[in-house]
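Join these two chains into a complex; the hints should help.
Read top to bottom, the protein sequences are chains A and B.
Quick note: the first sequence, position 178, residue 197 per this note's numbering, numbers continuous.
Quick note: the second sequence, position 75, residue 108 per this note's numbering, numbers continuous.
Everything labelled a hint here was simulated from the structure, so no lab data went into it.
Don't take every hint at face value.
[To be verified] In silico DSSO-like pairs for lysine-lysine, Cα to Cα no more than 27 Å straight-line:
id	chain 1	residue 1	chain 2	residue 2
1	A	Lys-92	B	Lys-223
2	A	Lys-183	A	Lys-161
3	B	Lys-106	A	Lys-96
4	A	Lys-174	A	Lys-161
Computed from a predicted structure; not experimentally measured.
Below are the chains, spelled out letter by letter.
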Amino acid sequence: MVNYATSCEQVWHEISNYVDGEVDAELRASMDEHFRTCARCASVLAGTRNVVQLYGDERMLEIPAGFSRRLEKRLAKDAVVKGTRWSTWSAWLVPVAAMALIVGGLQVTNMLSHRRPVKSQHAIPAKDIPPDMVVVVSSGAKLFHVPGCAFIHDKASERTLTAKEAMQEGYMPCPRCLRQYLKTGLTGEHGEHVARGEVDEDEGVQENIVLGAD
Amino acid sequence: MASKMSEPEMVLNNPGHAGGMREQDLILSVQRGQHELFYELVRPYERRVYAAALAILRNEHDAEDAVQEAMLKALANIRQFRAEARFSTWLIQITVNEALMRRRRERTVVMEGIDDRREGEESEYAPREFADWREIPSEALERKEVRQRLAEALGTLDRKYREVFVLRDMEHLNIQETAEALGITAASVKTRLLRARLMLRDLLAAGWEQGWFSRLPFEKGTKPW
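For reference, chain B alone in the conformation it holds in the complex (with noise of 0.2 Å):
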């Protein structure tokens, strides 16, 4: 599956990848000034700073501009990166930071009162119970309208279990560079993660009764979802 590519993998693997230099390479290269080589060192990010961006901001043109702003703060921060630390993960984590000071600058001080007040909402929820569900296969992915639903689905997350499912596990940062990354507990980041994927569990089973996937062709299942 491709989201299981390791990213030495995916560097060494992309064959524009500034005439096949190593990842380490071009940091150094980069490093000593050789800014024309950023982008090729990016690219390979460029989905996940992005994914990183909208699950915070929520709205594509922003996501987008606090990228480009991101990975301008990375260029001139790239002495500061040390080869001790996932090159992906510190790109994320700049985006991470530079996502939530824009989403800081916009929002009201009632706004963030509100949901500061939603914290004791983390520790209780109670997965439904469904009579018919389906495991929907990666094969699914294919098809731009499943993309499509799971991302409405995605969407429709409280912002505190979004940002940490997506660090988490579409960014694939650990329980640590989560928490790091959005300024709260290890803790906090398994609770949200927990309530996260049990509500997108229930939010697809229930997208499967309604028939969000009925076009997919496979066998029908026997379990409940």
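Here chain A stands alone, though its shape is the one from the complex (with noise of 0.2 Å):
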């Protein structure tokens, strides 16, 4: 083994590279040449190549005697676990979940029925308002207001909600602003007042015309 361009430490070194042809052409050719003029170098050429095909072949991939259909058991039984535990969560899931529906279904039946206390003595039926009108309210006020409304408190710190809203958090309708909203959920002589506009949403007495802002 005398003077190779490439010796045989580099051609071992390469040899598994050269053999997924993943040398360059310059280094491809140089071995090419080693080989051709050296008889060991060749033979671990040979041998490397032979173990790649043996051990490449499927054949080599032996799998013990019924492998395959523990497997395929394996995988059939935990679908059915989980088809089985999907069952067992349906079976009661439903129930629950009807239970949970009524529950609920009461609670917000209660919540509706149990508002908040109206902050008005004089909380007037207001059936008859849009829900989804835009009303504000303010702080420290007890009716709610169409925007603009003259009377309304402490127009700093004005937000504007729904009336549906407001009704939940216990405001009540303004019975100027909002007066035609009113008519026909008022009865009586409370109804009266209001309709006339006597009454003052946060002192609860008798109003003049000209009560100013709530």
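In structure tokens, the structure reads:
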């Protein structure tokens, strides 16, 4: 092994890459030349290729007897267990969900029927007010108003919400700006007072028509 | 040669493959909830995933158990599989992870330390010179005795060489996939692969001299193995 362009050690170092076709053209040519003249390295190359060919054959991938059947059974069993889990879940999930719906429904009903205490002692039925109507309330007040109503307390703390939300928070409609919606909801003496604009929301006393803001 | 069959061919040529469904269709069906089709999907690869697990665990029972667990995990995570990856590679990587996790659980810290200290051995290996050798033709693999001899030779390799060799040359993962599956660098894969191939070449040549393959009906060659 004298004066090869590529030494035996270099060939051994690169022989795996050579078999995989991962050496550049120049090195490949140099190694090809080496294999032609070096019997030992040629045998190493042939043996390495033989190893790659033999072990790369599917017949080398043996599985124990019954392996496939056991794997299939295990996967099927898992599917059944998951199915059973689901069946078990679903068996009691449905009544539990139904119960949750009933309880939830009752709570919602309860919440709606037991809203926050009305802020005004002169709570006026407001069922004719469109629930999505935009209204304003202000802190410390008890009524909700149409935006721009002259009877709004503390305009600086105004906030906008829907009539439904305002009522859920315990606010009652302003008997002045929302009078038109209250006509059908008002009955008896109180309603008549309100209709005439004689009730002050905050004080609960007969108002002068020019009482100012609530 | 059987091993050279590409994956789509394996699926399409598999007569029992869910009525001839293509692999992509099967994957989509399983992802949509038809879990009963999953075994059909993994069946073409069961040998490969078993070989990967066996290379790491070196125990048939443990390897089979690891494969079963790995396949259940693959099924549980089937929605995470993306079409741009090879399904076989995805399965093998899950299996390798499962096997490595089991081995870590079972091995002591002392054992890991010993293996780590052997890293320096990877760099130099001079293949042996043999006066007589035979190339073993693929047809010889029909004989169980030959397959056993080859498996025994593989089993004598240190685990770091064996794992890389199995994933690269038997599972046909590329260098990068092998590196990712084992959590090592591509350079380490190449170095270990070279060493594994040369050691196996030496083992088989020595086996020839010892009469491992003496009943093989070939003409005597002239080159040294």
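Structure-based check of each hint:
1. Lys-92/A <-> Lys-223/B: 39 Å, violated
2. Lys-183/A <-> Lys-161/A: The hint holds at about 15 Å.
3. Lys-106/B <-> Lys-96/A: Satisfied, since the Cα-Cα distance of roughly 14 Å is no more than 27 Å.
4. Lys-174/A <-> Lys-161/A: 13 Å, holds
In summary, the one numbered hint that this structure violates is 1.
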